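Engineer: Here's the letter readout for the chains.
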Amino acid sequence: MMKYQYLAVVFVIIMLPISLVFSAYVGAQLDTLDLQISYDTKLDNATYDAIKAFQLNTINSSTSDIVNSKIRDIEAAANSFFTSIATNFNMAGYNSDNLKEYVPALVFTLYDGFYIYSPFENTLDEETKNHLPPDATYTGADGEEVTGLKPYIYYSCRYVKGQMDVTITYSLDNYITVQGTDRNGKGINDAGYLLDDVTYNDVTGEVRYRGVNITSEPQLREYIGNTEYAYVKINGVKYYRENDNTNTWFTITNGRKSTVTNPFRNEPNDMGYRYYVEAYEFKQRLQSYGITNLKSSDAVGVEDITNADGEVIYSFVDSDYNIFDFDGIEEPDSNFNNHRMAVIRYVIESNLTVALANYNNFGTGTYEFRMPKLAEEDWARILDNVCLISFLQGVSIGGKIYNGYSVINNNKNEEVVTEDSIYIVENVNDDNSEYHRVTHKGLENMVNETSSRGVFNIDLERKSVGSTNSETTLYFYPHWNLGCYTCYVAQTNTENSFNNIYEYLDGLSNKTLTKLYYTALGRERYSMYKTFRNPSEFVAQYREVPKIDKKILLFGIPSHRGNDLTQLRDELLEKYTTVDMITSAQGEVSQDIVDQVMGIADNYDLVICDAYVWPAAQIANQSTLNYNLITISNDATTVDNQLIESSITTSNVYANQIMTQPGLLQNITINPSDDGDGGTLVKAKFKDDVTVLATTTYNDGDADVYDAIGYKNIGGYKQIHSQLVLKNNYVEIIKLLADFALQ
Amino acid sequence: MGDSLMTIIAIVLAAVLMFVFPLMSMSDRSDDISQLTVKTATTEFVDNVRTTGRLSMDDYAAFEQEIAATGNTYDIEMEVKVLDENPGKKTTQASSTKIGENVYYSMYTSQILDTLSSDDGTTKVLALKEGDMFSTSVKNTNTTLSQQLKNFFYTVAGNDTYTIAAEHGGYVTANGSGN
Chain X
1 MMKYQYLAVV FVIIMLPISL VFSAYVGAQL DTLDLQISYD TKLDNATYDA IKAFQLNTIN
61 SSTSDIVNSK IRDIEAAANS FFTSIATNFN MAGYNSDNLK EYVPALVFTL YDGFYIYSPF
121 ENTLDEETKN HLPPDATYTG ADGEEVTGLK PYIYYSCRYV KGQMDVTITY SLDNYITVQG
181 TDRNGKGIND AGYLLDDVTY NDVTGEVRYR GVNITSEPQL REYIGNTEYA YVKINGVKYY
241 RENDNTNTWF TITNGRKSTV TNPFRNEPND MGYRYYVEAY EFKQRLQSYG ITNLKSSDAV
301 GVEDITNADG EVIYSFVDSD YNIFDFDGIE EPDSNFNNHR MAVIRYVIES NLTVALANYN
361 NFGTGTYEFR MPKLAEEDWA RILDNVCLIS FLQGVSIGGK IYNGYSVINN NKNEEVVTED
421 SIYIVENVND DNSEYHRVTH KGLENMVNET SSRGVFNIDL ERKSVGSTNS ETTLYFYPHW
481 NLGCYTCYVA QTNTENSFNN IYEYLDGLSN KTLTKLYYTA LGRERYSMYK TFRNPSEFVA
541 QYREVPKIDK KILLFGIPSH RGNDLTQLRD ELLEKYTTVD MITSAQGEVS QDIVDQVMGI
601 ADNYDLVICD AYVWPAAQIA NQSTLNYNLI TISNDATTVD NQLIESSITT SNVYANQIMT
661 QPGLLQNITI NPSDDGDGGT LVKAKFKDDV TVLATTTYND GDADVYDAIG YKNIGGYKQI
721 HSQLVLKNNY VEIIKLLADF ALQ
Chain U
1 MGDSLMTIIA IVLAAVLMFV FPLMSMSDRS DDISQLTVKT ATTEFVDNVR TTGRLSMDDY
61 AAFEQEIAAT GNTYDIEMEV KVLDENPGKK TTQASSTKIG ENVYYSMYTS QILDTLSSDD
121 GTTKVLALKE GDMFSTSVKN TNTTLSQQLK NFFYTVAGND TYTIAAEHGG YVTANGSGN
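In order, the protein sequences belong to chains X and U. Per this note's numbering, the very first residue in the first sequence carries number 1; after that it's consecutive. Per this note's numbering, the very first residue in the second sequence carries number 1; after that it's consecutive.
Simulated from the structure, these hints should not be mistaken for laboratory data. Predicted, not measured: the structure shown is a model, and the values here were computed from it. The beta carbon of each residue, even a glycine, is placed where N, CA and C say it ideally should be. One should not assume that every hint holds.
To be verified - Listed below are several chain X residues computed to face chain U (Cβ distance under 8 Å; list not exhaustive): (1) A8; (2) V26; (3) L33; (4) L35; (5) I37; (6) Y39; (7) T41; (8) D44; (9) W379; (10) R381; (11) I408; (12) D420; (13) F476; (14) T492; (15) N496.
To be verified - Computed list of lysine-lysine pairs in DSS-like fashion (alpha-carbon distance at most 30 Å, straight line): (16) K550(X) / K735(X); (17) K124(U) / K441(X); (18) K139(U) / K441(X); (19) K511(X) / K547(X); (20) K90(U) / K238(X); (21) K511(X) / K124(U); (22) K42(X) / K81(U); (23) K139(U) / K124(U); (24) K551(X) / K727(X).
To be verified - Now the in silico label distances, taken between C-beta atoms and shown as ranges: (25) L23(U) / T486(X): 48 to 56 Å; (26) E79(U) / Q29(X): 26 to 34 Å; (27) K150(X) / L23(U): 37 to 45 Å; (28) T199(X) / D114(U): 55 to 63 Å; (29) D114(U) / D304(X): 38 to 46 Å; (30) E77(U) / D430(X): 36 to 44 Å; (31) E77(U) / D431(X): 54 to 62 Å; (32) E77(U) / A380(X): 22 to 30 Å; (33) R543(X) / D114(U): 49 to 57 Å; (34) D114(U) / A308(X): 33 to 41 Å; (35) E77(U) / N90(X): 40 to 48 Å; (36) A308(X) / E79(U): 25 to 33 Å; (37) N90(X) / E79(U): 23 to 31 Å.
The following block holds chain X by itself, in its conformation from the complex (with noise of 0.2 Å):
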């Protein structure tokens, strides 16, 4: 009988080794997973590193919003992905080069496209290196593997619908360019912001937004060091103004300060203002094109998006709706949103496994690289803001092969403001005051319109700037408020009840957070680097134009009759280099001081004069005038021997109704504004040589037409003669007639 010990070392002699194979393997399938969890870990870290250089890049430098900063910002990050995959895997025996051979791509996924990081075959054959200019520094080689970015790929779509066929590039908001032609085959080259429920008049030019008065918003001042400028962000860059007292203006480009030649207009800004008025128009445009009947079965060359399982989540056939319902256009959930992501996504997904695909003909090894299928979540980053994907196949670990991606988005860059880009500060004059997400709970309360202010997230991060003497970089916050604890430092006092933040600021109750978040967030996004501006002229638009050297004389009686002498020299200031003026008292106009003007008036190359009867005829009836002269009388008897054919003098009528204005003041309303205060009024026809800018009727019963304004050429210069006394837009009126007298 075999002794049970002996049984039970058999048993052990059998287990022992099963046990131990057992083990090792589970043991090696461990590691193998621990070293999958650490690469993950570490291919996060080095494409956060990435992407926090682009973000800091792009902070620091106005100008990395313009394409070719772009490019060598993108290039920087991936430089610092590779350093610090390298740093990251140094223990593994892996160096930078090494490990070049496992990316197969990195993505940079942008406002309005993405660029792709990988290797590619250099072309440079004879030909091209013929036309080589001789200092050409190039040395690449013909066929030689460079890595690199590939050309941008934008996130457009096709669309073909009877005569239009347009291309529609989006964005990572909600701002398209459409490109192609309309309904009527016309060519339209077009770009806007889409947005619903804008309403604008364009007579008192009152912009609403989603019930909101938008209006224009107090000059913005940061700091730079420890001085706060007055600024201006035009086209992505930011141009301060010197002092509050000098017209010079400079900017900040490379980490240093250089002065703008051209001075800009020292205003209110009117970024937020402008979006909206804009984004009303762009959609009236949209409709003339067609574009707004436009569905997502028009899209061509577009295929069902799928999850990771195969399950299809986009269709654009069978979702068949329109894409440019204007219902809530700019909400999260719209049609528009969810067919842009998922355009967006196909032009992702579709050229990423074009680039995967096309690495294996690089790579050294035997592996065989492909698209991973990215998770939902993973999409949803992509979708949401700028991004970094990166690519690690092909390492060894031990069981298998790695192939892993990682996917990092960022939401505090120069790319894009979203939503959550807008911050509120509480008072803007006061440093000590805090800064707030739009969500903290009792914000409309604690706001108020003049002090308080919409920021752009990234403005209330540090910045640096070479200092101008010395080798120093100086730090500092453009704003010196504080991150209010319980929203921004911690988010423990923030509403969060509702779906998205358009909803919720519709509902509040006092809507002077509601205002103050959507002209923020319109000036922002209005003041964004656009390429579809020509920059130089939008740029223009914001310029100081220089005063013109002329000299004017305003001679008048304030208040005469409705007129307004003081805001009228006020605005023709701004565009004339000297406005004098000489008023007298009502009833007190004495041949000294009309003596005193005709003394003068020669120096000037325009007299204004806005008085009684008596002295406007002394001026106009020189037998030589030596300067324009605009004239302002409802008396025209002995006013005018030049201009006045025949007149008839009635008592205690006044101008009726403006029959015609043609040419010059077809866009301004002349009232027929004299009440008849007791005076004489004078019906006067013009004579024929004399150019007709205003008829009017009077309230006699006479059905003649009789002549209200005109002009007449005389020896060189202008005279110019309103028979009615001007009581409705006098400044803008007379602006008019004085920059045509001087042209």
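Please arrange chain U on chain X, whose structure you already have, making use of the hints.
Structural biologist: For chain U alone, coordinates are given in the frame of chain X:
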């Protein structure tokens, strides 16, 4: 007499070798597998919070459930180091050639869970910002079979030691929003 004593010892020895040895070996493997699950789940959970900047009750509950599926009970400790840039801002203003120092303050598990759960039963979100740090460490609280067996035979492990543990942490890379 001596023979029967030997027989008893032999039977006991045989029982130990044939029964307990494979059991110990298997329970060790079982712990390894649990360890692996817990480690993977923890890394995924933390990385998800780090890259989105959001920690929701749903995420936390899913994580809890995933590690509980290993059949053990766990003690989950979370820590958020909240970045406070305000003191750094003051430093920079005082001397603009100097980069300000950042200050962190911590929120621990109970505070985090307090923020996540609300009285009305709705789930809430803890939103973090870029620059915050988030870490989680997980330890088993029950005594696993392998621990019990080891304690029985050679009493190396005390009652409060653990065999399954995982921790992971890092910078939050994006600003999360609370809604």
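Engineer: Hint by hint, say whether it matches the structure.
Structural biologist: Each hint tested on the structure:
no.: 1; hint: A8; in the structure: holds, 3 Å
no.: 2; hint: V26; in the structure: holds, 5 Å
no.: 3; hint: L33; in the structure: holds, 6 Å
no.: 4; hint: L35; in the structure: violated, 12 Å
no.: 5; hint: I37; in the structure: holds, 5 Å
no.: 6; hint: Y39; in the structure: violated, 11 Å
no.: 7; hint: T41; in the structure: holds, 7 Å
no.: 8; hint: D44; in the structure: holds, 6 Å
no.: 9; hint: W379; in the structure: violated, 13 Å
no.: 10; hint: R381; in the structure: holds, 7 Å
no.: 11; hint: I408; in the structure: holds, 5 Å
no.: 12; hint: D420; in the structure: holds, 5 Å
no.: 13; hint: F476; in the structure: holds, 5 Å
no.: 14; hint: T492; in the structure: holds, 6 Å
no.: 15; hint: N496; in the structure: holds, 4 Å
no.: 16; hint: K550(X) / K735(X); in the structure: holds, 14 Å
no.: 17; hint: K124(U) / K441(X); in the structure: holds, 15 Å
no.: 18; hint: K139(U) / K441(X); in the structure: violated, 38 Å
no.: 19; hint: K511(X) / K547(X); in the structure: violated, 40 Å
no.: 20; hint: K90(U) / K238(X); in the structure: holds, 24 Å
no.: 21; hint: K511(X) / K124(U); in the structure: holds, 26 Å
no.: 22; hint: K42(X) / K81(U); in the structure: holds, 21 Å
no.: 23; hint: K139(U) / K124(U); in the structure: holds, 26 Å
no.: 24; hint: K551(X) / K727(X); in the structure: holds, 25 Å
no.: 25; hint: L23(U) / T486(X): 48 to 56 Å; in the structure: holds, 55 Å
no.: 26; hint: E79(U) / Q29(X): 26 to 34 Å; in the structure: holds, 30 Å
no.: 27; hint: K150(X) / L23(U): 37 to 45 Å; in the structure: violated, 59 Å
no.: 28; hint: T199(X) / D114(U): 55 to 63 Å; in the structure: violated, 46 Å
no.: 29; hint: D114(U) / D304(X): 38 to 46 Å; in the structure: holds, 44 Å
no.: 30; hint: E77(U) / D430(X): 36 to 44 Å; in the structure: holds, 41 Å
no.: 31; hint: E77(U) / D431(X): 54 to 62 Å; in the structure: violated, 39 Å
no.: 32; hint: E77(U) / A380(X): 22 to 30 Å; in the structure: holds, 28 Å
no.: 33; hint: R543(X) / D114(U): 49 to 57 Å; in the structure: holds, 56 Å
no.: 34; hint: D114(U) / A308(X): 33 to 41 Å; in the structure: holds, 35 Å
no.: 35; hint: E77(U) / N90(X): 40 to 48 Å; in the structure: violated, 31 Å
no.: 36; hint: A308(X) / E79(U): 25 to 33 Å; in the structure: holds, 32 Å
no.: 37; hint: N90(X) / E79(U): 23 to 31 Å; in the structure: holds, 29 Å
Figure legend: structure checked against the earlier numbered hints; hints not met, in rising order: 4, 6, 9, 18, 19, 27, 28, 31 and 35.
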